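The primary structure of each chain is shown beneath.
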Amino acid sequence: MVIFENWNRYPQIQNNQHLLWSENFSFSELKTYLPFGKGRSYGDCCLTDTGEYLIIPHLDNILDFNPQAKTITVQAGMVLKDLLEFLAPRGFFLPVVPGTKFITIGGAIANDVHGKGHHKFGSFCNQVEALEIVNSQGKFSLKREDPLFVATCGGLGLTGLIISATIRLISIPGNTIQQNLFFSQNFQEACDILLKLADLYDFSVCWLDFWTEDIAGVVSFGNFSQERSKPSDFSLFWPFKLKLVNKVSSFVLNKLYMLAHRVKKTSSNIHYSKFFFPLDNVLNWNYFYGPKGFLQWQCLLPVEARSVFGQIVKKIKSSGITPTLAVLKNFGSIKPVGLLSFPIEGLTLALDFQICEELFRLLDWLDNLVVEAGGRIYPAKDVRMSKTTFLKSFPKVNEFLKFKDRNFCSRFWKRVQPE
Amino acid sequence: MNILCFGATSDLGRAVLRKLATANNSFWLYGRDKSQLTSLGLDLKNRGAKGVEVDCFDAEKKELPNLPLLTIDLAIICQGYLPKDPLDFSELEKVFDVNFFSVVRISEYLLEKFKQQKFGTLVVFSSVAADRGRAKIGLYGAAKSALDSYLSARRQSLKEYPLIKIITVKPGFVKTKMTAGIQGPLPSTPETVAEDVIVGLAKGKDVIYTPWFWRWIMAGIKLIPEGMFKRFNF
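So the sequence lines, in the order shown, correspond to chains A and B.
The first sequence: position 219 = 219 (the numbering used here), numbered continuously.
The second sequence: position 179 = 179 (the numbering used here), numbered continuously.
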């Protein structure tokens with residue numbers, strides 16, 4: 001029985017050893033551990049073949065809420081959905097939310113996740129003011145200036161178990177987003193729209209259709225607006241193991257998506273859930289890819305190297321492997337906190353692929369291109385990048401090694417750690 | 001309202017308590033882990049609860065909890081223990097202590113108080129596993145069956161007290177820390193269960209199946225003749 005799986009369900013690892021973390025837990029020297037939240041990473045940074053999972057979702061209490069100072073202290077197992085449902089009616093929100101609300105705060109910090117508003121707010125750890133972590137050396141309360149704090153942000157859960165965090169909030173006038181849509185004819189245009197108009201809006205994202213000749217896209221921008229609306233209750237659970245995604249269905253899906261946006265008003269107010277978490281309505285959409293799972297590949301290129309995207313697109317087009325879903329986002333100049341944090345100023349492209357043999361060769365080739373251009377691959381969404389790719393693109397790894405706990409290890413780390 | 005909860009730090013307990021955390025409600029929380037209880041207390045306070053008291057209580061020890069001297073409007077018992085191996089008889093005592101004996105002991109104690117008050121609502125978490133014994137659910141199912149039977153008996157015995165209510169909650173497979181590492185059929189979340197409990201409370205139901213479809217699934221499963229049932233593997 002495999003239960004501890006990542007979101008893309010590849011690779012599948014037969015390891016069911018787990019422990020609930022509690023106050024009187026003690027680390028055994030001979031074992032390695034890995035914190036496990038909701039298993040929403042698209043990579044093996046949340047998997048371990050030989051170690052024990054430390055489960056935290058039961059640590060989800062709000063320890064302190066200070067509306068005046070606009071901060072909240074929560075335990076690390078708190079799921080974003082619950083936190084937002086607490087905050088939004090009270091006129092507050094998290095400045096950075098990723099594409100799903102079903103992740104824990106601990107996971108958000110460990111992967112230093114980013115959202116649609118990087119150009120305004122930076123990534124998740126830019127909002128974190130204090131942390132409490134526990135590792136084989138003891139329990140630590142960390143402030144922003146502590147070196148261990150810096151290592152833990154984006155530290156992939158390898159510096160210890162995050163117990164609680166204090167996070168800065170933003171005030172919001174209502175619970176809806178005023179969304180504006182722009183249509184782009186090709187990849188270049190999508191990049192231009194994203195970069196040019198981003199300053200006018202707090203949030204931006206671009207969806208791309210790789211099934212069109214020039215890669216048409218829909219760029220959506222949004223700001224919180226004063227209006228209030230109810231979230232839609234619609235949510236679907238796919239109880240079958242049948243594979244739904246194939247060439248035909250992903251072609252149709254992309255066309256339908258485009259059509260749906262064409263007929264929509266280009267400016268509208270929608271509930272925050274619909275804007276930030278459009279895929280969450282299908283609770284297990286990852287099962288659409290069948291029992292073998294899928295891969296997501298997310299690369300980041302510095303602004304000055306964005307012409308390299310042209311080569312990436314060309315290579316993908318000529319390979320005959322078309323991504324089911326493609327999303328482009330821009331990263332602003334705000335410096336990330338962590339040593340292994342992903343963001344640098346530039347553009348990031350995330351592609352969902354069905355798994356096939358040629359895919360791995362294609363992605364290796366693309367990895368090289370990205371790294372040569374000064375870019376990097378997102379560790380939270382990786383199951384396959386080579387050690388050289390990782391070490392080349394994350395130069396602060398050696399500094400990180402000083403803080404990595406000897407009792408914490410993941411499958412990802414085993415793969416990419418320096419000798 | 002004055003609300004008591006046993007096994008408060010369980011996932012189901014927390015989910016229900018959070019739904020009830022409003023300015024009119026005060027809470028008395030019982031559980032084993034003091035630090036988790038304290039954090040939960042803070043959480044309920046931050047969500048707007050009027051007051052929170054916490055008290056350590058171990059369901060495995062044959063003791064009675066310290067009840068508040070005030071009137072009790074609602075008591076929720078959601079402690080539970082699921083052994084790793086469903087038919088591990090070395091766990092027999094623990095399974096029955098936590099899931100049955102202790103629950104009955106607390107219920108009797110509370111119902112005595114309810115009788116003096118002449119009102120009160122008792123919500124007890126059972127399980128759909130109680131409806132028919134299966135190899136995969138083993139001792140746990142047996143203990144919950146006993147619990148179901150006790151609750152139904154007690155409900156009948158209290159018919160002279162129209163304002164005392166006993167509610168049996170029967171969740172299907174819920175993803176919680178108790179079931180971590182188990183892949184069950186049609187999984188639901190503590191959130192859904194909590195919503196159904198709140199609705200059931202307002203409607204004054206006796207038995208709440210959650211999600212609702214389990215009532216019909218279990219009704220079907222109960223109809224299968226034993227000769228056929230023993231061959232099944234679910």
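Derived from the structure by calculation, the hints contain no laboratory data.
Check before you lean on any hint, since a few could be wrong.
Computed footprint of chain A on chain B; a stretch qualifies when at least three of its residues, placed anywhere within it, have a C-beta under 8 angstroms from a C-beta of chain A [stated by the list, open to error]:
| hint | segment |
| --- | --- |
| 1 | 62 to 72 |
| 2 | 133 to 146 |
Listed next, the in silico DSS-like pairs over lysine-lysine satisfying Cα-Cα at most 30 angstroms (straight line) [unchecked claim]:
| hint | chain 1 | residue 1 | chain 2 | residue 2 |
| --- | --- | --- | --- | --- |
| 3 | A | K31 | B | K230 |
| 4 | B | K45 | A | K38 |
| 5 | A | K101 | B | K175 |
| 6 | B | K203 | B | K230 |
| 7 | A | K335 | A | K241 |
| 8 | A | K292 | B | K113 |
| 9 | B | K19 | A | K230 |
| 10 | A | K81 | B | K19 |
| 11 | B | K205 | B | K113 |
| 12 | A | K335 | A | K243 |
| 13 | A | K335 | A | K317 |
| 14 | B | K177 | A | K81 |
All values derive from a computational prediction rather than experimental measurement.
Backbone N, C-alpha and C define an ideal beta-carbon position, used for all residues, glycine too.
Consistency of the hints with the structure:
1. Counting residues of the segment 62 to 72 of chain B whose CB falls under 8 angstroms from any CB of chain A gives 0; the rule of at least 3 is not met.
2. Evaluation of the coverage hint for the segment 133 to 146 of chain B: breached, as 0 residues show C-beta separations to chain A shorter than 8 angstroms, against a requirement of three.
3. Note on K31(A) and K230(B): the hinted pairing is violated, with a Cα-Cα distance of about 41 angstroms set against a maximum of 30 angstroms.
4. Note on K45(B) and K38(A): the hinted pairing holds, with a Cα-Cα distance of about 26 angstroms set against a maximum of 30 angstroms.
5. Under the criterion of a C-alpha separation no larger than 30 angstroms, the hint pairing K101(A) with K175(B) is consistent with the structure, at around 17 angstroms.
6. Annotation: proposed proximity of K203(B) to K230(B) is violated, straight-line Cα distance about 37 angstroms (limit 30 angstroms).
7. Distance check on the hinted pair: K335(A) and K241(A) sit about 42 angstroms apart at the alpha-carbon level, beyond 30 angstroms; violated.
8. Between K292(A) and K113(B) the alpha-carbon distance is near 57 angstroms, which puts this suggested pair outside the 30 angstroms criterion.
9. Taken as a hint, the K19(B) and K230(A) pair is honoured in the structure, with Cα atoms around 18 angstroms apart against an allowance of 30 angstroms.
10. Proposed proximity of K81(A) and K19(B) is supported: the alpha carbons are some 15 angstroms apart, at most 30 angstroms.
11. For the given pair, K205(B) sits about 22 angstroms from K113(B) by alpha-carbon distance, which is consistent with the 30 angstroms threshold.
12. A distance of roughly 41 angstroms separates the Cα atoms of K335(A) and K243(A); the hinted pair therefore is violated under the 30 angstroms criterion.
13. Between K335(A) and K317(A), the direct Cα distance comes to roughly 33 angstroms. Violation of the 30 angstroms bound is thereby established for this hinted pair.
14. For a cut-off of 30 angstroms, the pair hint linking K177(B) to K81(A) stands: about 18 angstroms separates their Cα positions.
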